[in-house]
Amino acid sequence: MQHVWLSKNKFNNIFGLILLGIIFFCLNIVSNKFLQGVGIDFTENKLYSISAPSKKILSQVQRPVVIRLYLSKKLAKTYPYLLNYAARVEELLKSYQKNSHHKITLELIELGPFSGKESQALQDGVLGIPVDGTTEELFFGLVVKSGDKKDIIPFIEPSKESTLEHSISSLIAQVAMLNTDIIPILEQIQVRAEYSRPFVKLAEMQLFSQAKYQVRSDALNQRLVQLNAVLAEINLKKTSSKPELRDQAAAEENVVKLELTVTKQELVELKKDLNNATAELERNIKIAATGFVPLLIILFMLLTWFYHSKIASKHSSAWTRLLRQYNGS
Amino acid sequence: MWRNIWILYKREFASYFHIPAVTVGLILFLVLSGVANFYFGNFFTRGQADLLSFFSFHPWLYMLFIPALTMRTWSEERKTGSIELLFTLPITVMEIVLAKFFAAWSFVAVALSLTFPLWITINYLGDPDNATIAACYFSSILMAGGFVAIGVCISAYTKHQMMALSASTSVYLGLNIIGIPTVMESLPHWIPTSIIQSFSNISFITNFDAVNGGLLKVSSLLYFTTLMLFFIIVNKFIIESKRLVE
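Protein chains in written order, with the numbering used here: chain R, 1 to 329; chain G, 1 to 246.
Keep in mind the hints are simulated off the structure, nothing from the lab.
Do not take every clue at face value.
Here are the in silico distance ranges between beta carbons for each label pair [what the hints assert, rightly or not]:
no.	chain 1	residue 1	chain 2	residue 2	range
1	G	Tyr-124	R	Gly-147	50 to 60 Å
2	R	Leu-296	G	His-189	45 to 55 Å
3	R	Met-301	G	Pro-188	41 to 51 Å
4	G	Phe-40	R	Ala-277	22 to 32 Å
5	R	Ala-219	G	Pro-20	50 to 60 Å
6	G	Lys-79	R	Gly-112	32 to 42 Å
7	G	Thr-193	R	Trp-305	21 to 31 Å
8	G	Gly-174	R	His-101	36 to 46 Å
9	R	Lys-257	G	Phe-40	48 to 58 Å
10	R	Leu-295	G	Lys-10	25 to 35 Å
11	G	Lys-79	R	Phe-15	24 to 34 Å
Stretches of chain R that chain G covers, calculated by requiring three or more beta carbons in the stretch to come under 8 Å of a beta carbon on chain G [stated by the list, open to error]:
no.	stretch
12	26 to 35
13	41 to 53
14	200 to 208
15	292 to 299
Everything numeric in this text was worked out from a predicted model, so none of it was measured.
Backbone N, C-alpha and C fix where the C-beta goes; we use that ideal spot for every residue, glycine too.
Chain R on its own, in the form it takes in the complex (with noise of 0.2 Å):
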């Protein structure tokens, strides 16, 4: 039945899956231009949104107002914590703009090698940091314009995150000139959480066990230092002019330098000891988290090959039952 490919219906169907694939080819361009900053912010202490006093802020502005972010994104890649953290500042401008009730506008710079437009940020006042290894620099800068005013932040410091949106809104209220008393608005603004959540609990079981080697460390440091002591009375009975008490110190030098190789040797190999427990504790929290489920599902699968026959007897029925589940209905 090779001409029912040729059939007007069967062209009409390829026709119209053609233009399936391209609605849906056009549909994600045109929904990744529009609805770009549109999102669900999913973050705990919603790091991509900005909070009530500021949405108060904006509400007042009058005047239009332009934000230009500075980044030179290249540069940045090679320092991948500076990368995320312009991605987030990125997504927070965002939200100041669908807020702002179109007053805001926001134009996202991208600076790199040849683009010309270092000397716009350097009129703007954006600075840029030498990075090591190259003579480029790199700017990661905010300004934030209206009218003929204008104020800027130079350098968007990573470490000043916390209080990121407390400085971006009063620049707009300070440029767009508001007629309210700004500043117990700006007061209410929270100091944002950090975006880092380091390992509490790991640092904790380092540091215990620190602890626990530490007192033997202590020992032998202290050890060491009645060492040394011995050791320069040793060398100063040495110096003596009777003849037997200078045999005796050579004796007991070589007594005294043995037990000291010794105890740095054991301090050498408790510091090893330390490294070792840490590793072996990484090493477990990996086993742990990799291997728990795999081996539960090993385990089923030899409990299913135990009772493999009745499980064949079932899979052989499958169709059957399916059919007669559905002559019942």
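Knowing the structure of chain R, use the given hints to seat chain G on it.
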């Protein structure tokens, strides 16, 4: 309609637990997700209580795992001839397609839920942002839906399972790598950036990466749902046209 889908779904879903290849794939997926997180993702050196290093590997893990699930959905039926039996039943093609799609998708969801030891670990070690992790799991399942829709669709096209496996893996690879910035930059310069940009918009990686930080974009949501819908419709079309030819 949903009753028919439910009956077929149960049969399809149960069948996954009887196939050793799928179980092996499941174990590989779980082990690899852990290995990717701890070894390639620099979990301990980063020292951050989040699952960023875990989720960023998901497009690549799905690329290996999901073809093992979807390769047999249609090609097996075609090979054993049980497809004829299926067509004699008073069910529409759309119902079969949807049942097969949902069965494979929910099996991926089961596989993903079995990565819970990582979540327990991260909660033990630190104080993570659990709302973000939930959002990541949600969008990962959504992305898996896109992968499954493509895989089932490709399986409908061929009688040979291996063919379906390699074809779907390469399609996934293509859809993954067009979203990588270095690949986009290495393309010839005469291609306008707007075209490259629009192609990267339909990449799994571009649409999934944004969610990693806890921001679920509406455009990504739209992308994954339209991708699923599109390939389900294509799937139906392929089955119907093949049926006429045979």
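Evaluated hints:
1. Under the hint 50 to 60 Å, the C-beta atoms of G/Tyr-124 and R/Gly-147, about 55 Å apart, fit the expected range.
2. Distance hint check: the CB atoms of R/Leu-296 and G/His-189 are about 52 Å apart, consistent with the given range 45 to 55 Å.
3. One distance hint, 41 to 51 Å for the beta-carbon pair R/Met-301 and G/Pro-188, holds here, with the actual separation near 50 Å.
4. Separated by about 25 Å at the C-beta atoms, G/Phe-40 and R/Ala-277 satisfy the suggested range of 22 to 32 Å.
5. Judged by the Cβ atoms, the range 50 to 60 Å given for R/Ala-219 and G/Pro-20 holds: they are separated by roughly 58 Å.
6. The beta-carbon spacing between G/Lys-79 and R/Gly-112, approximately 54 Å, falls outside the hinted interval of 32 to 42 Å.
7. In this structure, G/Thr-193 and R/Trp-305 break the distance hint of 21 to 31 Å, their C-beta atoms being roughly 56 Å apart.
8. Distance hint for G/Gly-174 and R/His-101: a CB-CB separation of about 42 Å, consistent with the stated range 36 to 46 Å.
9. Distance hint for R/Lys-257 and G/Phe-40: a CB-CB separation of about 49 Å, consistent with the stated range 48 to 58 Å.
10. For R/Leu-295 and G/Lys-10, the Cβ-Cβ distance of about 28 Å falls inside the hinted range of 25 to 35 Å, so the restraint holds.
11. Distance hint check for G/Lys-79 and R/Phe-15: the Cβ-Cβ separation is about 31 Å, which falls inside the suggested range of 24 to 34 Å.
12. Interface restraint, the stretch 26 to 35 of chain R with chain G: holds (6 residues with C-beta to C-beta distance below 8 Å; minimum three).
13. With 7 residues bearing a CB less than 8 Å from a CB of chain G, the stretch 41 to 53 of chain R meets the requirement of three and the coverage assertion stands.
14. Interface restraint, the stretch 200 to 208 of chain R with chain G: holds (3 residues with C-beta to C-beta distance below 8 Å; minimum three).
15. Under the rule that three or more residues need a Cβ within less than 8 Å of chain G, the assignment of the stretch 292 to 299 of chain R holds, with 5 such residues.
Consistency with the previously given hints fails for numbers 6, 7, ordered from lowest to highest.
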